[in-house]
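Engineer: Protein chains in written order, with the working numbering: chain A, 2 to 208; chain B, 2 to 208.
Careful: at least some of the hints might be erroneous.
Which copy? The list can't say, so a pair holds if one copy fits it or any two copies do.
[Stated by the list, open to error] Taking lysine to any residue pairs in the SDA-like style, the calculated list, with each CA pair at most 25 Å apart, reads:
1. K202 / D83
2. K63 / V134
3. K165 / G33
4. K96 / G164
5. K108 / E139
Source of the hints: derived by calculation from the structure; they are not laboratory data. Values in this document were obtained by computation on a predicted structure and should not be read as measured data.
2 protein chains.
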Amino acid sequence: MINKNNIKKTELGPSAMLNPVPVIMLSCRGTGKENSRGNIITLAWTGTVNSEPPMISVSVRKSRFSHQLITESGEFVVNLVDRKLLKACDFCGVKSGRETDKFTECKLTPYYCAELKYAPAILESPVSLLCKVKQQIELGSHDMFIAEIVSVKADSELIDSKGKLMMNKAGLAAYSHGEYYALSGPIGFFGFSVARPEVLKRRLRKK
Amino acid sequence: MINKNNIKKTELGPSAMLNPVPVIMLSCRGTGKENSRGNIITLAWTGTVNSEPPMISVSVRKSRFSHQLITESGEFVVNLVDRKLLKACDFCGVKSGRETDKFTECKLTPYYCAELKYAPAILESPVSLLCKVKQQIELGSHDMFIAEIVSVKADSELIDSKGKLMMNKAGLAAYSHGEYYALSGPIGFFGFSVARPEVLKRRLRKK
Numbered sequence: 002m003i004n005k006n007n008i009k010k011t012e013l014g015p016s017a018m019l020n021p022v023p024v025i026m027l028s029c030r031g032t033g034k035e036n037s038r039g040n041i042i043t044l045a046w047t048g049t050v051n052s053e054p055p056m057i058s059v060s061v062r063k064s065r066f067s068h069q070l071i072t073e074s075g076e077f078v079v080n081l082v083d084r085k086l087l088k089a090c091d092f093c094g095v096k097s098g099r100e101t102d103k104f105t106e107c108k109l110t111p112y113y114c115a116e117l118k119y120a121p122a123i124l125e126s127p128v129s130l131l132c133k134v135k136q137q138i139e140l141g142s143h144d145m146f147i148a149e150i151v152s153v154k155a156d157s158e159l160i161d162s163k164g165k166l167m168m169n170k171a172g173l174a175a176y177s178h179g180e181y182y183a184l185s186g187p188i189g190f191f192g193f194s195v196a197r198p199e200v201l202k203r204r205l206r207k208k
Numbered sequence: 002m003i004n005k006n007n008i009k010k011t012e013l014g015p016s017a018m019l020n021p022v023p024v025i026m027l028s029c030r031g032t033g034k035e036n037s038r039g040n041i042i043t044l045a046w047t048g049t050v051n052s053e054p055p056m057i058s059v060s061v062r063k064s065r066f067s068h069q070l071i072t073e074s075g076e077f078v079v080n081l082v083d084r085k086l087l088k089a090c091d092f093c094g095v096k097s098g099r100e101t102d103k104f105t106e107c108k109l110t111p112y113y114c115a116e117l118k119y120a121p122a123i124l125e126s127p128v129s130l131l132c133k134v135k136q137q138i139e140l141g142s143h144d145m146f147i148a149e150i151v152s153v154k155a156d157s158e159l160i161d162s163k164g165k166l167m168m169n170k171a172g173l174a175a176y177s178h179g180e181y182y183a184l185s186g187p188i189g190f191f192g193f194s195v196a197r198p199e200v201l202k203r204r205l206r207k208k
């Protein structure tokens with residue numbers, strides 16, 4: 002029970018305080034020969050924005066090398082990040098692809114899928130979302146790219162015998178207020194607050 | 002070390018597979034007398050989209066009651082969700098505000114701030130982001146509201162002696178593939194992959 006009398010609020014001013022947020026490695030490539038090697042940028046300013054069709058937004062500063070590559074090609078891949086990828090993920094967030102070949106430096110493997118013409122996915126990521134840009138909106142410090150997810154590739158070892166993705170086995174990381182976190186739990190499922198006792202029992206027994 | 006030869010991929014088709022994502026309780030209110038009581042909708046389709054000025058996007062189906070209230074007022078509050086709020090959070094995701102007074106039903110307290118004219122914040126949320134809509138974009142199943150964060154209110158007990166928000170003490174929940182998770186860790190901080198040994202030591206000692 003929350004004691005309302007004890008709740009005092011402090012004003013923090015305007016800031017981007019949504020937490021936790023996803024942390025992803027966006028892979029992309031330019032269309033010309035001079036940008037023919039793939040690049041990776043780490044982003045937390047991303048979110049699902051639509052269900053049908055599935056769409057995602059990613060926000061990138063204009064000054065970033067990847068901004069140019071995404072604008073050129075109209076494509077990118079959102080690669081989810083597990084614990085094994087976390088150091089590479091952090092590295093790709095602090096180094097620029099103008100000077101660094103991040104795939105080589107991080108010992109990561111680009112792979113190409115039929116659905117996209119330019120952008121490679123990262124083989125070592127457990128789940129990759131192949132995306133085609135639909136809109137680009139200037140917001141200030143960042144441009145937001147709104148893209149349709151045209152395909153998802155997942156590690157086959159994460160697929161159960163019924164063909165269902167076991168996302169809870171992927172060991173994904175989250176980002177909150179400057180720090181990376183693992184997920185612990187689960188502590189509930191969508192609809193648990195109104196679930197019938199037998200459903201609660203079945204879902205909890207599965208864990 | 003990842004053995005690349007063992008990585009096989011399964012095609013899952015297009016779907017909204019970004020994970021983990023935030024889970025938030027959006028509070029809002031209409032401008033007319035008939036919608037004068039506050040409403041709450043639970044959302045996972047949200048993300049930070051800009052840093053300067055701080056901006057957030059939330060995607061809401063047109064059919065939802067809150068869609069109407071946000072469109073009317075041009076305002077909403079994004080309330081972060083901790084473990085204590087999780088059951089109410091889930092409940093607000095499965096019930097409609099057309100039939101249910103969610104503040105009353107969940108024993109939550111609306112509070113009003115000078116920065117917004119209509120939308121209340123949720124007193125029991127550890128951190129609330131007060132938002133003013135700047136753009137509304139139709140994407141298909143959902144409309145995306147892009148809003149500027151005009152103020153952030155946090156529980157005073159989460160503020161340290163230097164005035165810094167201790168977000169890691171808030172006990173926030175994340176959402177991944179239909180399940181709610183607590184955060185476990187932290188397992189790194191932004192820049193840890195290139196941090197000098199003395200910085201690593203200092204940051205790790207703090208935990």
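Engineer: The structure should be examined with respect to each hint, and the outcome stated for every one.
Structural biologist: Hint check results:
With identical chains, the CA atoms of K202 and D83 are at most 25 Å apart between copies only, with a shortest distance of 23 Å across copies and 30 Å within one. Taking identical chains as interchangeable, the C-alpha atoms of K63 and V134 lie at most 25 Å apart whether they share a chain (16 Å) or sit on different chains (23 Å). In this assembly of identical chains, the alpha carbons of K165 and G33 never lie at most 25 Å apart, being 39 Å within a copy and 46 Å across copies at closest. Taking the shortest alpha-carbon separations for K96 and G164, neither the intra-copy value of 38 Å nor the inter-copy value of 31 Å comes in at or below 25 Å.
Proximity of K108 to E139 under the C-alpha cut-off of 25 Å is found in neither arrangement, the shortest distances being 34 Å within a copy and 40 Å between copies.
Against the hints set out earlier in the document, violations occur for numbers 3, 4, 5.
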